[in-house]
Amino acid sequence: MTAPNVLLVMADQLAPHFTGTYGHPVVQTPSMDSLAERGVRFDAAYCHSPLCAPSRYSMMTGRAASQIGAWDNASEWSAAAPTIAHWLNLAGYRTVLSGKMHFVGPDQLHGFGRRLTTDIYPANFAWTPDWELAGERIGKWYHNMDSLSEAGQALATYQIDYDDEVGFATRRCLYDLAREPDDRPFFLAVAFIHPHDPYVARPEWWNLYDHDQIDLPGPVPAEFDPHTVRIRAGIEADTRGWTEEQCRTARHAYYANTSYFDWWLGELLGVLDETGRADDTVVIATSDHGDMLGDRGSWFKMSFFERSARVPLVMAGPDVAVGTVPNVCSLLDLAPTLMDIAGGPPAELGAPLDGRSLWPAATGGDDPVDETVGEYMGELTSHPVFMIRRGQYKYIHCDTDPPLLYDISADPAEHRNLAGSPELADLSAAFAAEVIQRWDSAAIREQVVASQRARRVVHAAAGEGWDYSPLRDPANEYIRDHMDWAEAGPKLRYPAN
0 MTAPNVLLVM
10 ADQLAPHFTG
20 TYGHPVVQTP
30 SMDSLAERGV
40 RFDAAYCHSP
50 LCAPSRYSMM
60 TGRAASQIGA
70 WDNASEWSAA
80 APTIAHWLNL
90 AGYRTVLSGK
100 MHFVGPDQLH
110 GFGRRLTTDI
120 YPANFAWTPD
130 WELAGERIGK
140 WYHNMDSLSE
150 AGQALATYQI
160 DYDDEVGFAT
170 RRCLYDLARE
180 PDDRPFFLAV
190 AFIHPHDPYV
200 ARPEWWNLYD
210 HDQIDLPGPV
220 PAEFDPHTVR
230 IRAGIEADTR
240 GWTEEQCRTA
250 RHAYYANTSY
260 FDWWLGELLG
270 VLDETGRADD
280 TVVIATSDHG
290 DMLGDRGSWF
300 KMSFFERSAR
310 VPLVMAGPDV
320 AVGTVPNVCS
330 LLDLAPTLMD
340 IAGGPPAELG
350 APLDGRSLWP
360 AATGGDDPVD
370 ETVGEYMGEL
380 TSHPVFMIRR
390 GQYKYIHCDT
400 DPPLLYDISA
410 DPAEHRNLAG
420 SPELADLSAA
430 FAAEVIQRWD
440 SAAIREQVVA
450 SQRARRVVHA
460 AAGEGWDYSP
470 LRDPANEYIR
480 DHMDWAEAGP
490 KLRYPAN
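Count the sequence shown with numbering that gives the first Met the number 0 and you get residues 0 to 496, in order.
Take every hint as true, because none was put in to throw you off.
Using 20 Å as the maximum straight-line C-alpha spacing, the simulated EDC-like pairs for lysine to aspartate or glutamate come out as follows:
id : residue 1 : residue 2
1  : 490       : 179
2  : 490       : 472
3  : 490       : 182
4  : 490       : 480
5  : 490       : 175
6  : 490       : 476
Just so you know, these hints were derived from the structure itself, not from any lab.
I would like the entire structure built from these sequences, with the hints used as guidance.
As structure tokens, this is what we get:
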């Protein structure tokens, strides 16, 4: 039996709480809704690290961020780290990447046979944090209250330009894959930038929503935990703040851009239908992390609170059951899942994986596991932050901060820290002991600081990075004089006449 194609479609900074698919009463996501209606929706999926590059690196390798040096958005991704693309190449797949994957370093393919676009962000060490000056912002860093004060509508932005290019290139690639005589299955990963801030949307998506119907965040906690205090200082929430109208406008644009992403998802699903590939393609829709959008007094990501760390995860296609999966899982689990879809792992993985396959659960079976772990070694902290989510409980640890323990079932807004509760003293102590057993926080911090120092030297000496330039062959595109014109037209026509 031929293995199915795989189309992986990623949003950026999309929390499931702000989608119709996961029950938001206002946000319109008809394409993701239809995918969930004919497939499976995972209701407790997390990113492994709530920052763009570390989340993607760990997802693509199936390995914890601390195991591969995926510290932050300027961490070099080693070419020696096997990825989903490498493993699917070995399984006989054609592998293609379109859009953002935040590769930093000389390797700008990481196993993909083709890459259709450049990235939207720099591939050098410009965004390296400094844990020895943890209270200072990265000079060129963009996450601040400008994203709220400048929120609204525009006809064009660099993000809109980028996603239009990514969507066009992907749609064309799907037609090319259908036209090619090659009958090998394909793995096509497409990653859009929306609804990531800046919160600016085109009018046609903005106008889907009544501004007065845009909901506002719930009440802020009576007291902020230390990590949230650091985040608020770093994003200038304390010094600049925001008004209710700025918050509503930012959320309005975020919802609009979520619908824009969803439209592109629908366009790609439409091409699968048109080319007869819908029945033999597993489609996976997800995001790299979420966005607090003002909840708990915070914005963007960089924490393990639900709206920052949770991600949508929806699958549909051959053999996929219809329903929902309540078990806790993670983007770490995608690599072993895709290997199962492709027929099983190769004889040699190259390194042990930290995730589990979700394919049994996706196809209607039982999943005995209901837990995952997370790591954060990026901006606005000076020490690693670790998370364990098991069943209804979430435990968050940082060496510099008091522990956090939440009952997500009873307190989904995470307003009641139970770490000091006498009734849960044994549970809290067990989580604390598990953190010590799982992670050597001091050793990880030494690695992070050493990496930051080295990268700052390299960047200061040679600011130019490795930004990818897509390869094209204009001499053999469309119609050229050396071609047999009578053959060129029919060759590119789909379906053939």
